[in-house]
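Okay, here's what each chain looks like letter by letter:
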Amino acid sequence: MASASLSSNIPSRAQILSLLRSLLRTARQFPDYNIREYTKRRAIDAFRHNQNLTDQASIASAYSDGKAQLEIAKRQAIVYSLYAPNIKSVMDLKL
Amino acid sequence: MTSKLIASSLRQQLAKSAHQFHRQLLSTAAAAAVPAPAEPQHHGDSTGIMMKGVKISGRPLYLDVQATSPVDPRVLDAMLPYYMSRFGNPHSRTHMYGWESDLAVENARAQVASLVGASPKEIVFTSGATESNNISIKGVMHFYKDKKKHVITTQTEHKCVLDSCRHLQQEGFDITYLPVGSDGIIDLEKLRSAIRPDTGLVSVMAVNNEIGVVQPVEEIGKICKEFNVPFHTDAAQALGKIPLDVEKWNVSLMSLSGHKIYGPKGVGALYLRRRPRIRVEPQMNGGGQERGIRSGTVPTPLVVGFGAACELAMKEMEYDDKRISALQERLLNGIREKLDGVVVNGSMERRYAGNLNLSFAYVEGESLLMGLKEVAVSSGSACTSASLEPSYVLRALGVDEDMAHTSIRFGIGRFTTEAEIDRAIDLTVHQVQKLREMSPLYEMVKEGINIKDIQWAQH
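Respectively, the protein sequence lines represent chains X and H. With the first sequence counted from 1, adding 51 to any position gets you our numbering. With the second sequence counted from 1, adding 894 to any position gets you our numbering.
For the record, the hints were derived by calculation from the structure and aren't laboratory data. Warning: the hint list may mix true and false statements.
Lysine-lysine pairs mimicking DSSO-like chemistry, simulated, CA-CA at most 27 Å apart [stated by the list, open to error]:
| # | chain 1 | residue 1 | chain 2 | residue 2 |
| --- | --- | --- | --- | --- |
| 1 | H | K1043 | H | K1053 |
| 2 | H | K1119 | H | K1043 |
| 3 | H | K1209 | X | K125 |
| 4 | H | K1084 | H | K1041 |
| 5 | H | K1267 | X | K139 |
| 6 | X | K91 | X | K125 |
| 7 | H | K1232 | H | K1209 |
| 8 | H | K1119 | H | K1159 |
| 9 | X | K139 | H | K949 |
| 10 | H | K946 | H | K1015 |
| 11 | H | K1142 | H | K1042 |
| 12 | H | K1159 | H | K1116 |
| 13 | H | K1116 | X | K118 |
| 14 | H | K1340 | H | K1328 |
| 15 | X | K91 | H | K1041 |
| 16 | X | K125 | H | K1159 |
| 17 | H | K1328 | X | K145 |
| 18 | H | K1039 | H | K1053 |
| 19 | H | K1232 | X | K145 |
| 20 | H | K1216 | H | K1142 |
| 21 | H | K1232 | X | K91 |
| 22 | H | K1216 | X | K118 |
| 23 | H | K946 | X | K139 |
| 24 | X | K145 | H | K946 |
| 25 | X | K145 | H | K1267 |
| 26 | H | K1159 | X | K139 |
| 27 | H | K1267 | H | K1328 |
| 28 | X | K145 | H | K949 |
| 29 | H | K1084 | H | K1032 |
| 30 | H | K949 | H | K1328 |
Derived coverage of chain X by chain H (criterion: at least 3 residues anywhere in the stretch with Cβ under 8 Å from a Cβ of chain H; other residues may be distant) [said to hold, decoys possible]:
| # | region |
| --- | --- |
| 31 | 102-110 |
| 32 | 115-128 |
Don't be surprised by glycine CBs; every beta carbon is placed ideally from N, CA and C.
When you get a sec, could you build the whole thing from the sequences and use the hints?
Shown next as structure tokens:
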């Protein structure tokens, strides 16, 4: 992981971890079982996939991509909550 | 002692009646104040609902992505602005509303084109793969009807291709329906020998919708090039799932669909090669949109969604494919571990992993499907699932009547989880075992009697 850089474009380790946490928090707000699980899984897998990035430009671009995804997730979590069906997925029911 | 007892019971009685009184008061007050809830669509939210005479406790887990896929939230996010302020008609040339819609449509066209390796100019937006197939088959043959009279297709095509061909047949065209092997793949030599001087089109689908086998499209393209016959492929089930390249495949026309790749329903596209140019007779006449090939206002939100879905598919193809292959393996192994007499329909090697079509011996398919209330699967194509007839695709493969009746198509997609696969395995195994316990045939097989040798009495 890149050490703290003078350039403001390069995100710090704390910023990156905070982005992941925000993504996971937003994912939990999806009432839809499949979308919720996917958002969680996709975020974790993407961060894992990018954890060995060393090139500063690609770190910055991955970070800004993640930021954009977070904005989409935030908006869509609201839309999905507005139209949540009355009946939950069988996967969300206690057996 | 006794007085103490009497006192305590008395106290209890008093408390109970007071409580009851209180409750009564409350309930009447509530009844007076709050009107009866309007139209209880779903009665009993905790115990589930009744639909079509089936009690449903929760939304079933979805394993039918070949029928349609859920819209990806990222796709919906791209679409929503075009349902609100940006509502302009993309063909309006005189104001900003039109221009911004037009930009969005052209951007989507480029997104679709880049997923299939085409030029944006070669993409025509339609209402879906059915319309694209109709334009391809009827449009091409009608345009070249003076010289070309013959179409080659396969027995396992989608209904809309077969029906378009039947329509042409009634107009006097000649159609060859190529048979497929037991693995669902066509024989290239048979294709080669079926081509005639007046063959105007070869139409073979890339990925089969029912059994998921992948045809050797590249080789078919080569043969068509050799004989200089236009090649059409229905790639609705292939788009975004297997790498797709119009140059490598040498296709002249290709049908694409939006709702199979986590995009919206009601939109699709037709790829039309420019060099060498293939021409079609439009099936829809009107305002001359889409270069006159498909008149009618282009639905901006849907097209934007389709474009976004294509771009996503390009980014996610590798990730999705890895996951889906692992889930398919998990599903197949999980079922095979606990059940015997499970047959995969279609080739296992040349197959798209997201489609697993299984037949369960000695089980009646409809009972199995009805028993699997909590798993949304189908016996084959959604288009033909209303009929009790076994699938024509499976019959073309030479699957025995009894096995064709028990087929179930499990469709695994981007949003399927491991937990869903495990639940599907449990439910399927449980249901099959239950049905087999009731089946006299299964008992006889267990005793070592060959079912095929039984002489059924005629009454």
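The hints, checked one at a time:
no.	hint	verdict
1	K1043/H to K1053/H	holds, 21 Å
2	K1119/H to K1043/H	holds, 18 Å
3	K1209/H to K125/X	holds, 21 Å
4	K1084/H to K1041/H	holds, 23 Å
5	K1267/H to K139/X	holds, 15 Å
6	K91/X to K125/X	holds, 13 Å
7	K1232/H to K1209/H	violated, 37 Å
8	K1119/H to K1159/H	violated, 34 Å
9	K139/X to K949/H	holds, 14 Å
10	K946/H to K1015/H	violated, 47 Å
11	K1142/H to K1042/H	holds, 25 Å
12	K1159/H to K1116/H	violated, 33 Å
13	K1116/H to K118/X	violated, 45 Å
14	K1340/H to K1328/H	holds, 15 Å
15	K91/X to K1041/H	violated, 58 Å
16	K125/X to K1159/H	holds, 24 Å
17	K1328/H to K145/X	holds, 24 Å
18	K1039/H to K1053/H	holds, 23 Å
19	K1232/H to K145/X	holds, 25 Å
20	K1216/H to K1142/H	holds, 23 Å
21	K1232/H to K91/X	violated, 31 Å
22	K1216/H to K118/X	holds, 25 Å
23	K946/H to K139/X	holds, 18 Å
24	K145/X to K946/H	holds, 24 Å
25	K145/X to K1267/H	holds, 17 Å
26	K1159/H to K139/X	holds, 23 Å
27	K1267/H to K1328/H	holds, 14 Å
28	K145/X to K949/H	holds, 17 Å
29	K1084/H to K1032/H	holds, 24 Å
30	K949/H to K1328/H	holds, 19 Å
31	102-110	violated (count 0)
32	115-128	holds (count 5)
Violation of the numbered hints given earlier is confined to hints 7, 8, 10, 12, 13, 15, 21, 31; the remaining hints are satisfied by the structure.
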